[in-house]
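**Q** Hints in hand, dock the two standalone chains.
Here the protein sequences come in this chain order: A and B.
Every letter in the first sequence is one number past the one before it in my numbering, and letter 53, counting from 1, is 53.
Every letter in the second sequence is one number past the one before it in my numbering, and letter 41, counting from 1, is 41.
No lab work stands behind these hints: they were computed from the structure.
Incorrect hints may appear among the rest.
[Unchecked claim] Capping the alpha-carbon separation at 27 Å, the derived lysine-lysine pairs in DSSO-like fashion look like this:
#: 1; chain 1: A; residue 1: 241; chain 2: A; residue 2: 307
#: 2; chain 1: A; residue 1: 201; chain 2: B; residue 2: 167
#: 3; chain 1: A; residue 1: 241; chain 2: B; residue 2: 165
These numbers were taken from a predicted model, which means no experiment stands behind them.
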Amino acid sequence: MSDHSLFVLGATHHTAPLAVRERLSLGAEGAAALRAELAALPGLEEFTLVSTCNRIEFYGVAATPGVAAEVQQVFCDRQQFTAAEFEQFRLSLSGPGALQHLLEVTAGLDSQMLGETEIFGQVKAAYGADQAQGHTGAVLNRVFQKAFQAAKHVRTHTAITEGQVSIANVAVELAGNIFGSLAHTRILLLGAGDIGEKTAKAFQSRGAAGLSVASRRLERAMELADALGAFALPFWLMPVKLADFDVVVCATSAPEAVVTLAAVQAAMVRRPARPLFFIDLALPRDVDAAVAELENVFVYNLDDLAKIAEENRAARAAEIGKCRALLTERAAALWRQIEPRLQAGAGADPAGAGGGEPA
Amino acid sequence: MFASLTDRSWLWLAAECYLAGLLLGTYFVVRGGRRSAGWINTIIAAGYLFQLVGLSLRGRAVGGCPLGNTFEIFQFTAWSAITLYFFVGVTFRLSLLGYFTSSLAAAVTLLSLSIPAWDATRRAHIFGGNAWIELHAALALFSYGVFALLALTSGMFLLRHFSLKSKHPGGPFSFLPSILDLDHISVRLLVAGVTLMTTSLAVGAVYWLREPERVNLTKLLVTVAIWAAYTAALGLRLRGRLLSKRFAWVGVGLFAAALLSLWPIDASRYPREGNPPAPAAPR
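In isolation and in its complexed conformation, chain B is listed as follows (with noise of 0.2 Å):
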């Protein structure tokens, strides 16, 4: 029965599964957020390996990393995003961020499968056979998934502070975890994902500088503006200049702009690249 699902089945199924613990979630926050965490974990962890099945199968059809086109850039930067919440969320057991990556995910994937244009073509061999050009690819797009991750923890940081200057610390806000956990870990996230993301560059830029001619320009300085922002953000972080609710407002902001650079990134490759956009890979 399992065999004959498609790739993009398995990607529904994954999901499926994040959008059951964000219901999940919601319903254990509403009743008081007693017994939630093991059953989140456990929808997360189903659906972490039905997405794991379905970008390997794609992998395979195309022989490389699937992220031809923005359906799966969408889908590998939800799946390093719960990639990095299995070991963040087990290291430091911040309470709800399950719900909350839960949460995300879902939107992410449910967003990248309603669309089909965006899985309608693909470029072929994206990274002409090399894998140097492959690991600044999947490097970059991990670097994604961290600073999804920081966006989490900057939107819960942002809800503590919130319902703490307003005087109304219970209810759903009393399962956040506390202001300064909070701070830390973000902090730490900010640290990795640009040290992922500066590694991503520097072994691009090797390509780059090699053939120039095939760069893209967009997607080049896109991308290091994107990089450069994370980048003096952690800079004026560690220096005391960008604090508390400033700080977590620049975590949420840059994760959206960097959500919303993919699209012109991938709408100026096609020209640039000459390769005609090819049939999404088989399903």
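If we strip away everything but chain A, and leave its shape as in the complex, we get (with noise of 0.2 Å):
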């Protein structure tokens, strides 16, 4: 009979605060030394690193009992926290608790925005790395593996990733609604903020044609179209240009409406069957009430979108039950798979867990 264990070991968003989370943090560089001595640790036979702004993760099979406190140890020394104070907000699990928490890592349903699924290539990014390198094996080979296909399995049965959770996604995913692809759709951002930005790259990010900035301030709105790869337009032109554009952000400081019924109306007789629609990120609003009964013209302010992102989140946590009882069901299945493999001795490659096996 083996002492080997699979185990988890590290802190996540769920026990350790952002402060805590930024000392915890590794950089490339600091991420390849930690894996330089964590390869040369007697009695670790096969790890894992995920590193992600929200959580550090060391996922290992070790040979000896006491090899997880030395992982710690080790990677406390070179974030230069004491045993005790890691320990307030470590996370530690062995055996099918670690295989599950990897399985809810991977599909999103332990990341801070329910069902995200950038949490998915992240974990695959580091577990290449570590293959790559040879720090994995024939368990922790089995064990990600699986966990990528649960993931795809949980994403396709259930709605844990419908619904965009985030403003800015919401917004894009509003004018996805109204215009389809965002591929012929200019977008104009009215203000320079850091809301309307971020809302401005998310549109970019989904391959919308065309990227206007207008600020009050034409410098600063220079400033971030360079930033952004967009063009800068003045202020006082926006009434005059509105009719080019098929999505206004509108995200300035002003105290009072920019955007006016009768610019809107105007801008309506020079394109009566393509939509427009205005995103009004401002407080108070950039857009005239009065604009949202206009025909073919669609307005949504910051109360809507997040009422849309909250109604998107609790349909997910709606489906945690289900997302959950169908990895319980993989973990299970999975954990009798490695559990002999574990007991005899995780070195032998068990049959169809090298690592070619398709994720």
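**A** Below is the structure:
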């Protein structure tokens, strides 16, 4: 009988506040150096290091009982934590619990933004890096590949990833409901604030055709336009040019509405068949309330977007039970496969568990 | 076993398939809309084949296009709409269009099957052996199929528009195509429908000019009125005068009017054409 065990050790947004996570975070160089140290650790047969802005996690196969503590010590030494300090925020699981945790992380169930899919890519990249360097073996190869399959299964068979949950992405999704593909959609950003910039970036990431920035301070508009690879537009030209755009992201700090009913009516005369979508992120609102009544014009303000995001979040949360049940079933089946290997000693590659199995 | 089935049995099977498509589509939409298109398309395809067999049997029995009574006209219109769906659905991949088409086909075919009086009699030799007038009738009915699909895309537009204006874009609404995609496809369908109907009227006009005494004035007036209404709608749409929600309402309203106009047309034929109502075709 062997003492091999599967474990996960680390800290996540559930256990550690942002200030602590900042101290725990590893840059690319730090992660590489830590990997080298862990590779030299006796008794640590396999490991993968997952490091994102919301979590630092070590998945490992230990040949002896004290190995997880040694991994913790190596990490604490590097990040200048005392063991007692780290243990306040520590996540530590082993056996089936570690397996279930990995499956939930990969499926986005453990993410701060429930159901987000970026974590899938991050875990895959982390595993890929360690696999390439020979840090993974028969057990972790199987475990991670099955985790990726389970995450895909959950995404396909539940609504955990449906509906956007951030304001910017909700706005982009709404634009898709109006225009379909955004490839021919022109965006105008009014104001040069942070939330407007984030929304504009979200549109760019979804392939919007063109972006222009107009701000009451032209130099600020030019600065942001440069940063975003967009065009700058003098603010006073906005009412005249309104008809040239499909989506107008309004995020100025103007004390009154800057998009008037008359300006939008004039714009719609020039583009009667094409809808115009206003995303009003400003407080007080930038778009005259009467604009929403116009034919073929759609106006969503901050409250509208926040409400949709919240509804989507609630819909995702309602799927957690279903997702967890699916993952528990898969984790149990996977545990039944790897437990005998761990008991026999993890070194041998179990049948069909090699690194070549498609993820 | 299949050889013993009558034309109406095949048409019942088709209607049941369309109904299954409706029920399955509703189930998928309520559950979140995942993995529905393949199943619904398979069911619609099966219904389409059954309906084709049923209409072919009847066509063979009557020696021409089966358009001799209200029942056959409804069946042919539903079949035309499904035919077009396969082109439009594959080309434009409009989500939920299959579900809505299946719903419309189920409603139209089941309605026609559940009213025996519509199929109790049929006009014999309605085309008088004239292939051109048969083409005229088939094109006219096919254009009704196009307008049926236009009514569906218009209805989908109205649902999508309502969801966006009322700030409830989620739930079942989230599976609808975009406003712009629905508008584009509706315009194309209207162009296609008006072109088909214009061609049909042009072909029919040759016949009417040769034998004006055989022209059914009610039918002529109603058909020209429907054609004029759709043509006017197209003209107004292309000139930017009929847009968005109003255009969609017109798409739905005109199809309802076109469908309702089939009754006065059908009712007016018997006294004028002088052909005594014949028993329905052998089943």
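**Q** Taking the numbered hints from earlier one at a time, note which ones the structure violates and give those numbers from smallest to largest.
**A** The structure conflicts with hint 1 only, although it agrees with all the remaining ones.
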